[in-house]
Amino acid sequence: MSVTTIYTMGKSRIEYDPSVPCLIARHIGFELSHEHREFLNKGLELLIEKKKEQGKIAWVPDLRLSDAIMEEDSMWAVNDWSPRALAAGVKHVAFILSEDEFALASMASETYNDAIKNDEQMQVGNFRDEESAKEWLRESFSNEL
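Residue numbers (the working numbering): 1 to 145.
Derived from the structure by calculation, the hints contain no laboratory data. Don't take each hint at face value.
Unchecked claim - If you anchor each label on the Cβ, the simulated ranges turn out as follows: (1) F30 with S142: 36 to 42 angstroms; (2) E53 with E139: 17 to 23 angstroms; (3) S74 with E45: 29 to 35 angstroms; (4) K52 with R138: 19 to 25 angstroms; (5) G29 with I6: 18 to 24 angstroms; (6) S98 with K52: 22 to 28 angstroms; (7) E135 with E35: 19 to 25 angstroms; (8) D80 with M9: 14 to 20 angstroms; (9) L32 with K52: 26 to 32 angstroms.
Unchecked claim - Heads up, simulated SDA-like pairs for lysine to any residue below, C-alpha to C-alpha not over 20 angstroms straight-line: (10) K52 with R84; (11) K11 with F39; (12) K42 with F30; (13) K51 with S140; (14) K56 with E144; (15) K51 with E135; (16) K134 with E53; (17) K134 with Q123; (18) K56 with A87; (19) K56 with D73; (20) K91 with G125; (21) K42 with T4; (22) K91 with H34; (23) K11 with P83; (24) K56 with E139; (25) K42 with E99; (26) K11 with S33; (27) K56 with F30.
Note that the Cβ used here is the ideal one computed from N, Cα and C, for glycine as well.
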């Protein structure tokens, strides 16, 4: 099974990997606030669709080539998008980060989990590369059986 691009917006795209299964959100460059939110909302729509097909799905934001987002957009993702994703049954998020971002990631992950009042409902991981993220997701999914 190969990875396929199922949505593009400017340079950014969402890919589907049925072998995990997951959607990989490749954020490239700078996105205006409305573009960022539109991209995430389309991602959630696709997550819901793929979860119905697969029974499970994970969200993999690949942020290695993205520019920083505004604080208000980050808070929107935490307070608006994430609860909707969780309600839709998305229980695994694997962030792929650049080396510089990875150094700060454990603190950011804790903040994210606290902000979404996670209570272990959503598993969040930070990774340096895509294969490590996918390996973690496959393991997490197999442990749920």
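Hint-by-hint comparison with the structure:
1. F30 with S142: 36 to 42 angstroms: holds, 37 angstroms
2. E53 with E139: 17 to 23 angstroms: The hint (17 to 23 angstroms, Cβ to Cβ) holds, given that E53 and E139 are roughly 22 angstroms apart.
3. S74 with E45: 29 to 35 angstroms: violated, 21 angstroms
4. K52 with R138: 19 to 25 angstroms: Because 20 angstroms falls inside the window, the suggested range holds.
5. G29 with I6: 18 to 24 angstroms: holds, 20 angstroms
6. S98 with K52: 22 to 28 angstroms: The hinted range 22 to 28 angstroms is violated for S98 and K52, with Cβ atoms some 33 angstroms apart.
7. E135 with E35: 19 to 25 angstroms: violated, 31 angstroms
8. D80 with M9: 14 to 20 angstroms: Cβ of D80 to Cβ of M9: about 19 angstroms, so the range 14 to 20 angstroms holds.
9. L32 with K52: 26 to 32 angstroms: Holds: the Cβ-Cβ distance is about 31 angstroms, inside 26 to 32 angstroms.
10. K52 with R84: holds, 16 angstroms
11. K11 with F39: holds, 11 angstroms
12. K42 with F30: Distance of about 17 angstroms is within 20 angstroms: holds.
13. K51 with S140: holds, 16 angstroms
14. K56 with E144: Roughly 10 angstroms between the alpha carbons, so the hint for K56 and E144 holds.
15. K51 with E135: Between K51 and E135 the Cα gap is close to 19 angstroms, so the pair holds against 20 angstroms.
16. K134 with E53: The given pair, whose Cα atoms are some 19 angstroms apart, holds under the 20 angstroms limit.
17. K134 with Q123: holds, 13 angstroms
18. K56 with A87: At roughly 13 angstroms apart (the allowed maximum being 20 angstroms), A87 and K56 satisfy the hint.
19. K56 with D73: violated, 27 angstroms
20. K91 with G125: Holds, because 11 angstroms separates the two Cα atoms, which is no more than 20 angstroms.
21. K42 with T4: OK: K42 and T4 at ~16 angstroms, within 20 angstroms.
22. K91 with H34: Judged against 20 angstroms, a Cα distance of about 25 angstroms means the pair is violated.
23. K11 with P83: Distance ~27 angstroms between K11 and P83 Cα, so the pair is violated.
24. K56 with E139: holds, 13 angstroms
25. K42 with E99: Not satisfied, since the Cα-Cα distance of roughly 28 angstroms exceeds 20 angstroms.
26. K11 with S33: holds, 15 angstroms
27. K56 with F30: The hint is violated at about 30 angstroms.
The structure fails to meet hints 3, 6, 7, 19, 22, 23, 25, 27 from the earlier list, while all remaining hints are met.
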